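Protein chains: 2
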Amino acid sequence: MNGAESLIRTAVAAGIDTCFANPGTTEMPLVAALDAADGVRAVLCLFEGVATGAADGYARMTERPALTLLHLGPGFANGIANLHNARRARSPVVNLIGDHCTWHAHADAPLASDIVSLAAPVSGWIRSVRSASVLAGATAEAIAAAGHAPGQVATLIIPSDCQWDPADGEARPVESKPPGAVSQEAVGRVANALRSASKPVLLLGAMGLRGRGLSAAARIAAKTGCHLVAETFPSRLERGAGMPAVERLPYFPEQALETLQPFDLIVLAGARRPVAFFGYPNLPSSLIPEGRRSEILSEPPEDTAAALEALAMEIGAPVSVSLPREAKKADRPIGALNPASAGAALAAVLPEGAIVMDEAATSGGAFFPLSAGGPPHTYLSLTGGAIGQGLPCATGAAVASPDRRVIAFQADGSSMYTIQSLWTQARESLNVTTVLCNNRSYRILQVELARAGIKEPGPKARSLTDLGHPDLDFTSLARGMGVPAVRVDRAENLVLELERSFATPGPSLIELML
Amino acid sequence: MNGAESLIRTAVAAGIDTCFANPGTTEMPLVAALDAADGVRAVLCLFEGVATGAADGYARMTERPALTLLHLGPGFANGIANLHNARRARSPVVNLIGDHCTWHAHADAPLASDIVSLAAPVSGWIRSVRSASVLAGATAEAIAAAGHAPGQVATLIIPSDCQWDPADGEARPVESKPPGAVSQEAVGRVANALRSASKPVLLLGAMGLRGRGLSAAARIAAKTGCHLVAETFPSRLERGAGMPAVERLPYFPEQALETLQPFDLIVLAGARRPVAFFGYPNLPSSLIPEGRRSEILSEPPEDTAAALEALAMEIGAPVSVSLPREAKKADRPIGALNPASAGAALAAVLPEGAIVMDEAATSGGAFFPLSAGGPPHTYLSLTGGAIGQGLPCATGAAVASPDRRVIAFQADGSSMYTIQSLWTQARESLNVTTVLCNNRSYRILQVELARAGIKEPGPKARSLTDLGHPDLDFTSLARGMGVPAVRVDRAENLVLELERSFATPGPSLIELML
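Chains as they are written, first to last, in my numbering: chain A, 1 to 514; chain B, 1 to 514.
Don't read these hints as lab results, they were simulated from the structure.
All of these numbers come straight from a predicted model, not from anything done at the bench.
Each hint should be verified, as a subset may be incorrect.
It does not matter which identical chain is meant; a pair holds if it fits inside one copy or across any two.
[Stated by the list, open to error] Here are the simulated SDA-like cross-link-like pairs (lysine to any residue), alpha carbons at most 20 Å apart as the crow flies:
1. Lys455 / Asp38
2. Lys328 / Ser294
3. Lys455 / Asp165
4. Lys223 / Val319
5. Lys329 / Phe252
6. Lys199 / Leu265
7. Lys199 / His227
8. Lys328 / Ala340
9. Lys199 / Lys455
10. Lys455 / Thr362
This is chain A alone, in the form it adopts within the complex:
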């Protein structure tokens, strides 16, 4: 057994079953080891940002890490943007990076660079091994580290001689650190605050937005009348019939402040203290309105679901809450296609159990409220603001959840950072419907220019926010990567094409001309 095989066998023993790969020469022994040691599915991605974003999507759905297999510093660098998003999502991800042989490092060969410096900003754990004999143990540590509550990116750098040199065998799995214990002091403090508050709100994040956390939150709301608001960009939110209605904190700071304005108590449960996505002149960093009391019930790595359950018990909330189990689908829109009718169409035909990855940006606003009472579904969002996450994350979610329909609700500009995802969807026959909103602009930047007081942008500013000239044809791009595609410009046609896609196994793309 060589080092590479000891790594794969260790990973299998630790429950790893998927590797999103874009390998090069320094990873050849690992590529071969995927065949030598059974148990890990190898998914080829044509760009590293697809691999890392897919690992994030996979982790959000399974709550377990996948491997990525990446080529030296530059290959890893191509995956950083989506690892940034994974870090903000607290997704467990294990990066395997092949490096030059230990005895070749001094040569500073063309592809050599400082991988640790590149990896540090997105990795909670980094290790570079120096011999094949320690590789299995380091792999077990990396997998455990990725799973340390609440989840993080672990990066293992493996010189190629440590892959091909002989190794003793696999290593036993190492336990991940579990979530921190619930703070009874915090539970008591928040319970007291809730008793004295006249209008409280529970700001939920992280595990507070998955099934167990939301059930407890619903019980707390039933007892106290508090509102439930989700952090702006949840890593994963369970929604629809059977789940409590949860509003999202708006993106722009003025609107977020206005949303929180009516409340005299803001309880943070898994959510970070809210801050503006960007700083603007004459607007604050903090989105807690002045004079409002805020209390932290729980923050990662504490167990937010358990903290919510403890709070429910402490305040004497009902043991369970009956929430409507019947989905109310929105009406099917007809007429011109625009962001409102696009969101309505998707809400009207949303299949039960769908996974919606929302990177639709300015085109996406209508869907969220319209689908609140719809069939149970999972909602994933762009956690770190690094655009180009939607298509990869949808790809990974589909690998993780083969029996569910994944909908990539996607803006045009963002899609072009990782459009190569479509090819992997075609190769793996993934059940992904990409709903591509083509408005021929970086619309958010046009909004931001106006917010910056630039009422009449000059020709260069207009040019840098304009995606026309030439217009992108996403049906042609999709077909070039083996994904069937169709273009629609009427809401009723979108409804029909969505239904057709949901009924057809494998990927497809619907281009919405907005």
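Got chain A; can you put chain B on it based on the hints?
Just chain B, lined up with the frame of chain A:
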């Protein structure tokens, strides 16, 4: 005048005329300033790796830096792979990265990350400004730093309040450090070595491969009979009629060692001491065969062209050498398309003054020797091994050289990392002919698997080196981005399509079914 305007005015005063941009919210004042202060062309790229690769290509052709405009850490990270190549090419590049406002940094907003840690591995100079008043001065320093001999990547991080706050005005240009003086000691030592050598070779790199350096090298060869060999991956090499014939050091270490085996003296002129691209079992790091004498005439940042001229004078070389000025075009191939006939077709119809960006990998070998005596042309290569450089570099070279035909000789796998380049080529009506070699595989990895002793790769290893299933259709991808495209599978049709493309202004793509 605000900080952003002071930056653009300073850049214009320092001779900057081009900005390859993929901006976001934290760069909006800079976007607006491009209109407020005239003189900088703004070129939108749909992915940051296109912007940084284009800046590299622009710099290789103009020997001046362009700006890139990038969005925070994740946006910059998407540009790192091609900045790695630019670093290895010693290309001057100035990155402008917008960052969160100084007063918002503490908030750790979703897009915040450690930009300096990301930038350090590829940047020779980094500065993060803290106020608008110092921005103009920092800009002048950044531009000068990029131009410090032999050229490097300079990265300026600019919080958005430093862009929108008032500034005093532009700063005067700062002088770049010129190349280091020629070492007369080295010239004398090399001259003596040449006199006593029986079979010397001049291994040329960097500025030794542009016009002045090559003229001097030809004189030295005329006097001493030494061979001329170029480093494996030159940033830029002038070739064809009127230029001396220069062989390239082969890629694989066995072949490189064999190439250098016959020589008893290896003189390094601008080239680094050659090392293996990757380490392999039982092969050395160094590509200087054992027992061979090697001497360094000049290495960056010294002035290699001047060193070659000084050496020519020292050894009493002729003042000029008459080289054939008439181009001998290769014969037009007919028959099946394969790497040999593809290279022959391109060599047969290569236009005078063409710029060939070669990222054709395993499909590209035939072109180089066949075009040696062809019309004068410029040859650019993948300097840092980070694939996905070809299409961006060709894009930037075309922006820099509007009167020349640029040929992106491109492998299929590599193209998919930065395929978004085609859109910028269409928008800017750039004269780029992309010759896309579709062999439906990462062929180099299949070769590397075999080199690693894996004679019969298993299904996963085969899958990770296979680009079929589904086949990519590059004509569909190109048309989706507004670039006309055609597919050929016969050598004679490739010849015709090349001629048609060269006669037609603007970009086009020819897909070669190999």
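Status of the hints after comparison with the structure:
no., hint, result
1, Lys455 / Asp38, "between (60 Å within a copy, 19 Å between copies)"
2, Lys328 / Ser294, "neither (35 Å within a copy, 80 Å between copies)"
3, Lys455 / Asp165, "between (64 Å within a copy, 18 Å between copies)"
4, Lys223 / Val319, "within (10 Å within a copy, 96 Å between copies)"
5, Lys329 / Phe252, "neither (29 Å within a copy, 62 Å between copies)"
6, Lys199 / Leu265, "within (7 Å within a copy, 85 Å between copies)"
7, Lys199 / His227, "within (8 Å within a copy, 85 Å between copies)"
8, Lys328 / Ala340, "within (18 Å within a copy, 64 Å between copies)"
9, Lys199 / Lys455, "neither (39 Å within a copy, 71 Å between copies)"
10, Lys455 / Thr362, "within (19 Å within a copy, 52 Å between copies)"
Hints 2, 5, 9, counting from the list given before, are not met by this structure.
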